[in-house]
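Following the hints, complete the assembly by docking chain F onto the known chain V.
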Amino acid sequence: MQSFQFFALVPGRTSKLYRILSTITLALLIQFVPMLHDAHAQTSQRGPLKFDPLTPEERELATRLAEADPRVKRLRGTGRQVLISVELATPKTTGENSRHAEVLYYRYNGNQGVLALVNLQQQAVQETVAIDGNSVPLSTGEVNQAVGIALQDRTLINLLGPNYQQYRPTTLTVREGRPNPVEALRILASSRTDRCYRRRCVSLLFRQGDSFLTGTSVIVDLTAQNVRVEQRPLRRHP
Amino acid sequence: MKLRNNLTLSLFSLFAGFLIWAQPATVHAQCSAPYFIDQRFPTDVVLPEETRWRFCWQRVNKNGLVINAAFFRKSPTSPWVQVIYDARVIELFVPYHSGSPRFLDMSSFNFSLFPLTFKHCPASAGGTLLDNNYVCKQVHDRGLAWTNYGSVRRGEELLLWGGIGAGNYNYIIEWAFRDDGVMLGRVGATATNYPPQPFETHMHGVFWRLDIDLNSFPGDSVQRVSHAESGLTANDPATLVRSEGMFQWNPLAFTTLRIHDVALKNAQGHTSGYDLMPLRTGTPRHQENFTKSDFGITKYKYSEMHVPSLPSYVVPPEPVSNSDVVVWYYSAAHHIPRDEDGRYVNNNFQPTVAQVMWTGFMLKPHDLFDSTPLYP
Numbered sequence: 125m126q127s128f129q130f131f132a133l134v135p136g137r138t139s140k141l142y143r144i145l146s147t148i149t150l151a152l153l154i155q156f157v158p159m160l161h162d163a164h165a166q167t168s169q170r171g172p173l174k175f176d177p178l179t180p181e182e183r184e185l186a187t188r189l190a191e192a193d194p195r196v197k198r199l200r201g202t203g204r205q206v207l208i209s210v211e212l213a214t215p216k217t218t219g220e221n222s223r224h225a226e227v228l229y230y231r232y233n234g235n236q237g238v239l240a241l242v243n244l245q246q247q248a249v250q251e252t253v254a255i256d257g258n259s260v261p262l263s264t265g266e267v268n269q270a271v272g273i274a275l276q277d278r279t280l281i282n283l284l285g286p287n288y289q290q291y292r293p294t295t296l297t298v299r300e301g302r303p304n305p306v307e308a309l310r311i312l313a314s315s316r317t318d319r320c321y322r323r324r325c326v327s328l329l330f331r332q333g334d335s336f337l338t339g340t341s342v343i344v345d346l347t348a349q350n351v352r353v354e355q356r357p358l359r360r361h362p
Numbered sequence: 465m466k467l468r469n470n471l472t473l474s475l476f477s478l479f480a481g482f483l484i485w486a487q488p489a490t491v492h493a494q495c496s497a498p499y500f501i502d503q504r505f506p507t508d509v510v511l512p513e514e515t516r517w518r519f520c521w522q523r524v525n526k527n528g529l530v531i532n533a534a535f536f537r538k539s540p541t542s543p544w545v546q547v548i549y550d551a552r553v554i555e556l557f558v559p560y561h562s563g564s565p566r567f568l569d570m571s572s573f574n575f576s577l578f579p580l581t582f583k584h585c586p587a588s589a590g591g592t593l594l595d596n597n598y599v600c601k602q603v604h605d606r607g608l609a610w611t612n613y614g615s616v617r618r619g620e621e622l623l624l625w626g627g628i629g630a631g632n633y634n635y636i637i638e639w640a641f642r643d644d645g646v647m648l649g650r651v652g653a654t655a656t657n658y659p660p661q662p663f664e665t666h667m668h669g670v671f672w673r674l675d676i677d678l679n680s681f682p683g684d685s686v687q688r689v690s691h692a693e694s695g696l697t698a699n700d701p702a703t704l705v706r707s708e709g710m711f712q713w714n715p716l717a718f719t720t721l722r723i724h725d726v727a728l729k730n731a732q733g734h735t736s737g738y739d740l741m742p743l744r745t746g747t748p749r750h751q752e753n754f755t756k757s758d759f760g761i762t763k764y765k766y767s768e769m770h771v772p773s774l775p776s777y778v779v780p781p782e783p784v785s786n787s788d789v790v791v792w793y794y795s796a797a798h799h800i801p802r803d804e805d806g807r808y809v810n811n812n813f814q815p816t817v818a819q820v821m822w823t824g825f826m827l828k829p830h831d832l833f834d835s836t837p838l839y840p
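Those protein sequence lines, which keep their order, are chains V and F. Under our numbering, the residue at position 12 of the first sequence is numbered 136, and the numbers go up by one with no gaps. Under our numbering, the residue at position 180 of the second sequence is numbered 644, and the numbers go up by one with no gaps.
Chain V extracted, bound-state conformation (with noise of 0.2 Å):
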């Protein structure tokens, strides 16, 4: 049988062996050869994979790409607004080492989101979606400012003593060494009667070494820029 090229180049009588071994041989090379060169091309390609974190400069174009991109601009409008983070993004697309990034707005007005999605590979914003602002975390700018508009009332400088200027809002990296760090929860409120319904607020948690600031409320509007303090009585409940 000459059907195969393969095995005309070997004259004469073959093998049982040779003819099985080299028919699977010749099939695993049919099957498997697009997959070598995507394994090649993958091995060889530079740079992060799909899943790896984003590089400072992958951070720094995607910003650079949501701040020029004209949809953006109209869903942040100009009024006071913060960028809240920029993020690797996995969707799933046809390319597999795809990179994207997440870049998130928050706008005051009107208590709104704004995400936009950035192929980095394509330099193009290619998703941006509004969503609401429950839904988007604080900044760490936004706590170093509560924590700022904290300090200035008078009865938690009371409760917390004359050092109080030594309070300041930890990070997670920091918080080893930081004798007096603060730690902040946003707060979401759901009746409308509440004071911190639709509006930014966050909760200030004042660490006094291994305990807190117990019994105390702490907390800060920042779309109304003012603070709420409030001492509860702590009780056991029965």
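The hints are simulated quantities; they were obtained by calculation from the structure and are not laboratory data. Any given hint might turn out to be false.
Straight-line distance between alpha carbons at most 30 Å, and here's what the computed BS3-like set of lysine-lysine pairs gives [unchecked claim]:
1) F:756 with V:197
2) F:583 with F:729
3) F:828 with F:763
4) V:216 with V:197
5) V:197 with F:583
6) V:197 with F:765
7) F:729 with F:756
8) F:729 with F:763
9) V:174 with V:216
10) F:756 with V:174
11) F:756 with F:828
12) V:174 with F:763
13) F:601 with F:828
14) V:216 with F:583
15) V:197 with F:828
16) F:729 with V:197
17) F:765 with V:174
18) F:765 with F:828
19) V:197 with V:174
20) F:729 with F:765
21) V:197 with F:601
A few chain V positions that, by computed beta-carbon distances, are all more than 10 Å from chain F [to be verified]:
22) 174
23) 191
24) 203
25) 205
26) 216
27) 236
28) 246
29) 262
30) 264
31) 289
32) 348
Partner residues are not named here, just some residues of chain F that face chain V (Cβ under 8 Å, in silico) [unchecked claim]:
33) 493
34) 499
35) 503
36) 571
For every residue, glycine included, the Cβ atom is placed at its ideal position computed from N, Cα and C.
Here is chain F on its own, set in the frame of chain V:
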């Protein structure tokens, strides 16, 4: 002729070896070290390999520890099967009994993982710290997997976990990949009670978004499996979920979601799937609409990532049979404060030690293996 045969045999062996090397490349080429995990079982390399997991992980602000592109191989000669495209805790909802506060700990703040130490992740427990100590990988014995009188089989697993620093609370996000193809997700709430209201009972609601791409995508479908009793008999019908929707977990029905792929069958010709099985102590319900169900099934859309909007994602319902589905699961840890949560100093309570409370789920193979993977 003998020389030619030997030459062919050698070439064949080389080529086969190259293929074995090349195949994993297509599985793991989606992330780099240390974000790529490759774990064979049994872990003792002296023993022949039986099963193997390969996956990527990300450290993501808000969501903590995210699993991507998880593949499982049920035997060294079997093809890799994709199980997960993206699995993450998508929201932590913490309402207090007085009605306020009601925290959405993931969407409201860019909380991130905090650094761990060797005390968190000791080598004696199979621990290795990864990525500047933000993530702990533990590979260890997981206890008894099976016994039949004198016959016994112990199991092994790989745990990958990190802790989100969420103000006064820490949330441990833990993923387990077991030798028998099981995958588990758990969240543990710990650290200290909310300082302004340390005695107030609250719920730690955990929402998972599980983009399960069994055998890649699309082609996936979901069945709802429910146990039902009738007199002395019982049955467990599996109902195909035809369109997007939200469902309640029924403890009397042992409600389970079975995700299967149209083209994936085992050697017995049975359709292979993974069962989503809740591991829970109760069912949280609150005023918010997104807490009214325990399961959600949606068609994959990139921008659908916000739990408060989940009820709107299923209206109008799109078909989800034989498509690219995303499964949402909700469970909670109910925290009733107790004196063990802190200490009393001059009759004042200081909340200092809220011990870990867990809630989670199991993804368990169903007719994925051709027969038991455990028989010694």
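*asked:* Does residue 216 of chain V clear chain F by more than 10 Å, comparing its Cβ with all Cβ atoms of that chain?
replied: violated, 7 Å
*Beyond 10 Å from every chain F Cβ: check whether that's true for residue 203 of chain V.*
Non-interface label stands for residue 203 of chain V: nearest chain F Cβ at 21 Å, farther than 10 Å.
*Closer than 8 Å between Cβ atoms is the bar; does residue 499 of chain F clear it against chain V? Give me holds or violated.*
holds, 6 Å
*Quick one, is the residue 503 of chain F hint okay against chain V at 8 Å, beta carbons?*
Violated, because the Cβ-Cβ distance from residue 503 of chain F to chain V comes to roughly 17 Å (cut-off 8 Å).
*Take the C-alpha atoms of residue 197 of chain V and residue 765 of chain F, compute the straight-line distance between them, and say whether it is at most 30 Å.*
holds, 24 Å
*asked:* Checking a non-interface call: every C-beta of chain F should be farther than 10 Å from the C-beta of residue 262 of chain V. Is that right?
replied: violated, 5 Å
*asked:* Against the 30 Å threshold, does the CA-CA distance of residue 197 of chain V and residue 828 of chain F hold or violate the hint?
replied: Outside the cut-off at roughly 47 Å; violated.
*10 Å Cβ clearance of residue 289 of chain V from chain F*: holds, 21 Å
*Within a Cα-Cα threshold of 30 Å, do residue 756 of chain F and residue 197 of chain V meet the stated pairing?*
Between residue 756 of chain F and residue 197 of chain V the Cα gap is close to 37 Å, so the pair fails against 30 Å, i.e. violated.
*Measure nothing beyond the straight line between the CA atoms of residue 729 of chain F and residue 197 of chain V; if it is 30 Å or shorter, mark the hint as holding.*
The given pair, whose Cα atoms are some 50 Å apart, is violated under the 30 Å limit.
*Has the given pair, residue 197 of chain V with residue 583 of chain F, been kept, meaning a C-alpha gap of at most 30 Å?*
The given pair, whose Cα atoms are some 48 Å apart, is violated under the 30 Å limit.
*If you take the shortest Cβ to Cβ gap from residue 493 of chain F to chain V, is it below 8 Å?*
holds, 4 Å
Checked against the numbered hints listed earlier, the structure breaks hints 1, 2, 5, 7, 10, 14, 15, 16, 21, 22, 26, 29, 30, 35; every other hint is satisfied.
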